[in-house]
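Peer 1: With these hints in hand, go ahead and build the complete structure from the sequences.
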Amino acid sequence: MNADRQVVFDNVSKFYGEVLGINRVSLSVPPGITGLVGPNGSGKTTLMNLMVGLLQPTRGSVRVLGMSADHPEELFRHVGYATQYDGFPPGFTGYQFIESYLRIHGFEKTEAEALTWKAIERVGLVEAAGRKVAGYSKGMRQRIKLAQAIAHQPSVLVLDEPLNGLDPMARAEVIALFRELADGGLHVIVSSHILHEVDLISDQVVLLNGGYVVAEGAISGVRDEMEEEHPAQVLIRCSRPSLLASRVFEHDHVVEARIHDDGKGLLVRTRDADKFYLLLNQVVLDNDLTVETVMPTDSDVNAVYQYLIVGNGEKP
Amino acid sequence: MVSQSTSVGKSSGNAGIAARGTAASLRRRQVLAVVRLELRKSYFGGRGVGLFLLAAMPLAIPILILIARAFRGVEGETAETTTLFAGLYQYFILHFVLFLGCVLVFGSVMRREVLDRTLHYYFLTPLRRELLVVAKYATGVVVTAAVFCASTLATFLLMYLPEPGGSAFIVQGPGFGHLAAYLLVTVLGCIGYGAMFLAFGSFVRSPIIPALALFGWEFLHALLPPLLKQISVIHYLLSLCPVPLSQGPLAILSDAPSPWLAIPGLLILSGVLVTLSAWRARKMEVAYEED
Numbered sequence: 005m006n007a008d009r010q011v012v013f014d015n016v017s018k019f020y021g022e023v024l025g026i027n028r029v030s031l032s033v034p035p036g037i038t039g040l041v042g043p044n045g046s047g048k049t050t051l052m053n054l055m056v057g058l059l060q061p062t063r064g065s066v067r068v069l070g071m072s073a074d075h076p077e078e079l080f081r082h083v084g085y086a087t088q089y090d091g092f093p094p095g096f097t098g099y100q101f102i103e104s105y106l107r108i109h110g111f112e113k114t115e116a117e118a119l120t121w122k123a124i125e126r127v128g129l130v131e132a133a134g135r136k137v138a139g140y141s142k143g144m145r146q147r148i149k150l151a152q153a154i155a156h157q158p159s160v161l162v163l164d165e166p167l168n169g170l171d172p173m174a175r176a177e178v179i180a181l182f183r184e185l186a187d188g189g190l191h192v193i194v195s196s197h198i199l200h201e202v203d204l205i206s207d208q209v210v211l212l213n214g215g216y217v218v219a220e221g222a223i224s225g226v227r228d229e230m231e232e233e234h235p236a237q238v239l240i241r242c243s244r245p246s247l248l249a250s251r252v253f254e255h256d257h258v259v260e261a262r263i264h265d266d267g268k269g270l271l272v273r274t275r276d277a278d279k280f281y282l283l284l285n286q287v288v289l290d291n292d293l294t295v296e297t298v299m300p301t302d303s304d305v306n307a308v309y310q311y312l313i314v315g316n317g318e319k320p
Numbered sequence: 279m280v281s282q283s284t285s286v287g288k289s290s291g292n293a294g295i296a297a298r299g300t301a302a303s304l305r306r307r308q309v310l311a312v313v314r315l316e317l318r319k320s321y322f323g324g325r326g327v328g329l330f331l332l333a334a335m336p337l338a339i340p341i342l343i344l345i346a347r348a349f350r351g352v353e354g355e356t357a358e359t360t361t362l363f364a365g366l367y368q369y370f371i372l373h374f375v376l377f378l379g380c381v382l383v384f385g386s387v388m389r390r391e392v393l394d395r396t397l398h399y400y401f402l403t404p405l406r407r408e409l410l411v412v413a414k415y416a417t418g419v420v421v422t423a424a425v426f427c428a429s430t431l432a433t434f435l436l437m438y439l440p441e442p443g444g445s446a447f448i449v450q451g452p453g454f455g456h457l458a459a460y461l462l463v464t465v466l467g468c469i470g471y472g473a474m475f476l477a478f479g480s481f482v483r484s485p486i487i488p489a490l491a492l493f494g495w496e497f498l499h500a501l502l503p504p505l506l507k508q509i510s511v512i513h514y515l516l517s518l519c520p521v522p523l524s525q526g527p528l529a530i531l532s533d534a535p536s537p538w539l540a541i542p543g544l545l546i547l548s549g550v551l552v553t554l555s556a557w558r559a560r561k562m563e564v565a566y567e568e569d
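From first to last, the protein sequence lines are chains A and B.
Residues 5 to 320 (our numbering) make up the first sequence, in order.
Residues 279 to 569 (our numbering) make up the second sequence, in order.
Just so you know, the hints here were simulated from the structure itself, not pulled from any lab data.
Any given hint might turn out to be false.
As the list claims (entries may be wrong) - Incomplete in silico selection of chain A near chain B, CB under 7 Å:
id, residue
1, P76
2, Y85
3, G95
Unchecked claim - Stretch-level coverage of chain B by chain A, calculated; a stretch enters the list once three of its residues show a Cβ under 8 Å from a Cβ in chain A:
id, stretch
4, 302 to 309
5, 312 to 324
6, 387 to 397
7, 403 to 415
8, 554 to 566
What the hints assert, rightly or not - Label-pair ranges, simulated between beta-carbon atoms:
id, chain 1, residue 1, chain 2, residue 2, range
9, A, E22, B, D394, 25 to 31 Å
10, A, M173, B, V482, 45 to 51 Å
11, B, R483, A, Q60, 15 to 21 Å
12, A, M173, B, G549, 53 to 59 Å
13, B, A534, A, G70, 55 to 61 Å
14, A, A118, B, L310, 18 to 24 Å
15, B, D394, A, D266, 55 to 61 Å
16, B, G324, A, Q60, 33 to 39 Å
17, B, A301, A, T301, 54 to 60 Å
Since we're looking at a predicted model, the values are computed, not measured.
Every residue gets a Cβ at the ideal spot worked out from N, C-alpha and C, and that includes glycine.
Peer 2: Dropping the structure here:
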């Protein structure tokens, strides 16, 4: 894909004195929702701050849609960023907060007002717009920051832990909004430590640990690449699981076939999931088995995270 | 609740904004927006109280003089008042009130944003950081100049108007010229000290120590040799005051610079300091955790 349509990190390192922020990161982030995943201190916020020029790389370069943070008058027409920082101009209402910064973008008064209301509507804060931000709950502050980031209708949206503090209902709605924005062709780059939510929303993920990118790409692709070292795990709920076990275990790519503890299913570990699913179809047809469910148990972000970051290769 | 009913616009709002009007008119709108925001944030809320109280302090002096004269049953004389006001202006307003006001306003131009954790909002707008610094500095100059000029004007009128010949001194005599000169010095003081404290605030975490050092330097400038006087802001400001005062028995005398040197010199120095601050902002990183 054309680099002018991507967020590109070219061998970027950032050190805070002698402390490593991120090291030798080369990435190309395409449109869609990209989840940044990693433990605290892994470099997620550093990566995001470098993207928008709040930090400057020690080495390497970052370009967003072909633009650099050295030219904010171009870049920030296209980029919106909701940071983790919980600061707001003192004494401002939610409406004043968004409208004031839209005016700095150069919008005329009427246009800024219209965009402000549109953004506030999108995050569901119309009723609270006239209240001081200082009196907002954590979830409302998260939403007003999100509104501020999307108000100027950017094409790249960077969101640092945007789901923190939101109740389950608001989370679902914000996630739906991310999906809607991404479907409209935007880059939505989201950091989160809530893995199942990242799994739910992300088209691709970037896994960070200790300042290094340990994996990137579509989660299925990342998982596939790990199959040799970490065979894929599939749970099959079916009739006669012991027969299924004996049939599949004849094949080299199946490294383990274990009857489930309740005796009503089979847990298989395979180095080639695609081949296994073909084999499964064949065995089911040949032996007239009744299959209730077939469920990969370690193909989500959580499993990849556990393998690559937490467990050092142990099974999740 | 989050609405999904509105259409998703890919850069439809902001990307086209540069096309509306010239680049110069866009920058003008952006700078005016910063000025409005700064006024609302930093001066019209509770944060402006300290500045306004400080500016009101000189008014207490003519009021006290009026009360003292009323008790003694004497009336002021214009010549005496002229010397009194010159002393009040040069030693109290210029050395203390305006100086401290500029420390308050300009020393925290960037620092306060860091403490409030709001600097990134500015840095994430399509406005060059250099222009942001200039806009914030200009707002500070406009506010401090307006506040301290008002304070100087009110103090001047309170000193002269109650006197029998006070009105005539202002309208028909040299009083109006004196007032204009004091107001000019006030504006230049805001420009010069403003630029200096802006630079202090940009380069050091707390501008208090360098501000105290500068206060001492400026306060003792009369004792400095002529060469060192020339790197003192107050030296140029005092040379523009209409009524020269004795600097005391220990003062080292030197020629006062001409207005043609003093005014451009102060403006050039201020320009250099603002440029340095703007350069610093361009290189600045936002890492609130360290603060």
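Peer 1: Look at each hint and say if it fits the structure.
Peer 2: Against the structure, the hints:
no. : hint                           : verdict
1   : P76                            : holds (6 Å)
2   : Y85                            : holds (5 Å)
3   : G95                            : holds (5 Å)
4   : 302 to 309                     : holds (count 3)
5   : 312 to 324                     : holds (count 7)
6   : 387 to 397                     : holds (count 3)
7   : 403 to 415                     : holds (count 5)
8   : 554 to 566                     : holds (count 5)
9   : A/E22 with B/D394: 25 to 31 Å  : holds (29 Å)
10  : A/M173 with B/V482: 45 to 51 Å : holds (48 Å)
11  : B/R483 with A/Q60: 15 to 21 Å  : holds (19 Å)
12  : A/M173 with B/G549: 53 to 59 Å : holds (55 Å)
13  : B/A534 with A/G70: 55 to 61 Å  : holds (57 Å)
14  : A/A118 with B/L310: 18 to 24 Å : holds (19 Å)
15  : B/D394 with A/D266: 55 to 61 Å : holds (58 Å)
16  : B/G324 with A/Q60: 33 to 39 Å  : holds (35 Å)
17  : B/A301 with A/T301: 54 to 60 Å : holds (58 Å)
When held up to the earlier numbered hints, the structure conflicts with none and fits them all.
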